[in-house]
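Q: Top to bottom, those sequences are chains A and B. If you're matching positions, the first sequence starts at 1 in the working numbering and goes up one per residue. If you're matching positions, the second sequence starts at 1 in the working numbering and goes up one per residue.
Fair warning: there could be bad hints in the mix.
Using 25 Å as the maximum straight-line C-alpha spacing, the simulated SDA-like pairs for lysine to any residue come out as follows [claimed, not checked]:
(1) A:K300 / B:V327
(2) B:K115 / B:S307
(3) B:K300 / A:K115
(4) A:K300 / B:V217
(5) A:K260 / A:A367
(6) A:K300 / B:R74
(7) B:K300 / A:K260
(8) A:K226 / B:V217
(9) B:K260 / B:K300
(10) A:K300 / B:A330
(11) B:K226 / B:T346
(12) B:K300 / A:Q324
(13) B:K300 / B:D26
(14) A:K115 / A:H73
Quick caveat, the hints were computed from the structure, so don't treat them as lab data.
Protein chains: 2
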Amino acid sequence: MQTPNTIDEAFANIARKNPRINALVDVISNPNTGVSLKAKMPGKAYQYWTMAVKSNIAVQGLPHTAGIGAYRHRIANEDAFCVARLRDAEMTIVGMANMEEAALGAVTDNPHFGKTHHPHQYGFTAGGSSGGSAAAIAAGMARAALGTDTMGSCRIPAAYCGVVGFKPSYGRISVHGVEPLSRRLDHVGVIANTVADVRAVTSIIAVFDAACADCRVFDAISEVGKTSTWRRLSVLDAVARATLSAEVRAAYEHALVRLKQAGFELTERVFNQEAVTAARRAGLIICEAELANSLAEILKSGGEGVSIFLRDMIAFGAAKSAPQLAVAHARIDNAELILRAQLDGTDAIFWPTTPQTAFAFSAPVPANQADFTCLANFTGAPAISIPARVTEGALPVGFQLMSPTGSDENILALAEEIESLLSPSLPNGVST
Amino acid sequence: MQTPNTIDEAFANIARKNPRINALVDVISNPNTGVSLKAKMPGKAYQYWTMAVKSNIAVQGLPHTAGIGAYRHRIANEDAFCVARLRDAEMTIVGMANMEEAALGAVTDNPHFGKTHHPHQYGFTAGGSSGGSAAAIAAGMARAALGTDTMGSCRIPAAYCGVVGFKPSYGRISVHGVEPLSRRLDHVGVIANTVADVRAVTSIIAVFDAACADCRVFDAISEVGKTSTWRRLSVLDAVARATLSAEVRAAYEHALVRLKQAGFELTERVFNQEAVTAARRAGLIICEAELANSLAEILKSGGEGVSIFLRDMIAFGAAKSAPQLAVAHARIDNAELILRAQLDGTDAIFWPTTPQTAFAFSAPVPANQADFTCLANFTGAPAISIPARVTEGALPVGFQLMSPTGSDENILALAEEIESLLSPSLPNGVST
């Protein structure tokens, strides 16, 4: 656990670790050391809480790049709605976190802003697309971070880095001021070392924003939380378990034992791999088609500052016809049936967040990184990744809880209970 | 008011009026006269309630045409979910109601199944796309009817025909067994002579269907209803009022006086015509792109049984690119902001359902038929059209109530209160 206890501690960790792992791409000067941050963020005292913000979320006066080189010098004119809520709560923003280019991927090997290295294993990915946010938390550079999550982009890097990543119900956190990837799938999420910290930040930023068309009215999330009454968990069937890497499978089997000991009722549910793969591809096409619109100006004028890799992906989606996009949306609609089948008769899904642990940048990128996470985006359901204890020196493993749309308070309560069962105790900065 | 008091009365009205107005395109034999309907619908007694069902909703053993000639001989293998609920409630289905071809339009001048004439004015439209359903109710052929509503298709014909048309919240009634137009916009709706009858049918069919991905969990709608506590109504601004036909404007001004007398607080809200027009066009493109998929087989083999008019519309949507469809979806997303602006500070919108009364088939089709109705489809909000008293011999005028998503019970209660204020008293079958 790397939670910084003071603002100075956060900035000390940034100074010591960021040059190597590149979690933050724009670092604010420590307001405590006299550099004039107040000029940039007027009118606010600086409280204990330190926050990193993903680069696709606008922070007034700082670059709003979304990981896209063409936006390197785009300075945000105003705060995103969620950032404004952090300011209202007198939190200190320490800097902008690195991310996958345009948030479309889960490795954070950014062609414009560089790789974000895993805080415990240099040369390995921290995951993505909110890789910088998760790495910053695991390295103690901030107490919590904002990320975004379109197919798993908060939970995947949280799992790889051994921290907590939460994607609430669709529409709970305003996306006003967030660079869009896909309006239907985009969510703002929160990353921190503990569920309690995630809940605290969520309770502050999950406020209805009447100016955000995608925002929905929900009951407020309490800062203190409640005791979970959920005892029935959906767990992976044997076939799906077989697709897990050895490390994840071992941690998963161990976790199931702990859950049974704690009195949870576990029910196997079949993972519909084929339907999820089809839906995941559909989700990509939806993102690509929308990026073709949001980046239209840049692409029209030659695409400078957009990688060839991203341009190719966008071209793939842009070449689809309207009826083909309609088919993609229908696949996403039908994901609701997959989620219902997985939840059937249980309160929540308890599954690994990812089928594998973090991998070397030199290794091929697994196609199934988002297989367990994307359903929450397709359906709007809340989902949270919590870390499990692993042996000293091993890479972290994360477990995901997913529950019906709107049950954010319940999933946070359940996550806090299971978090203590799995007793995360990660090596501190093993190789940073 | 034409509500048939017995099954015999409904079938007598069908025999007398349907040959002329063509509300029903497939008529069941009266089960009371000994023709073996029980063979088609086994195991059920025949209760008082008589129901007409729009031709795009599957009734086992009957043609499931969706108004498309190519489906003239497509017999439904099973009931739509909502039809099965009617059967469970021992209701009698009297036949399949005529509709606009593929539900894409609001006139019900069907190239394959003929025109549905206005029950009080031969040669005039009954509206659409659920024109047959509304005309059947106004002509006393059934106590209630099922329709569908993608941009106003239950409420527009209900307004033209002087009956009640209700489109509940998105996802409240399963669309399983309903020929899709657009998954995002399609709703099953209910048409009857009174709000009480609409509520009774809705309470029966608005049951969560786990097999329908688009269905959402809501509290049940009670059969008895409740007393409305809503007093604040949004009403049209002066500019928008000016776009109403003289008949509708007169009825509207009269209705406002009645509402004020009854203690309602009326607040003018600006109608954003430009944004609504853009969203309406976007909605059409979404429908056309989806129809290109659902009718792909037929269109590929020459398109026989699909009118040239519909083929042209589909070709228009099909020629759009995926990014263009994404823009259309974004326009629909933003309709939520228009609705919020209209509802701001009030409980519900009270507006005319349509800017005009029914018109002659020979007259040009007004472009703004769905201007006041489509927002409810774009946002998922519940909306109901109720008839107002008009002078003897005049064509009916309908008023629409729209309220936030999920407030179906409240909007029904409000509609029942206002229904009695507006005291509909239509001429009985003036020219049928």
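Q: Taking the numbered hints from earlier one at a time, note which ones the structure violates and give those numbers from smallest to largest.
A: Hint check: 3, 4, 5, 6, 7, 9 and 13 fail, others pass.
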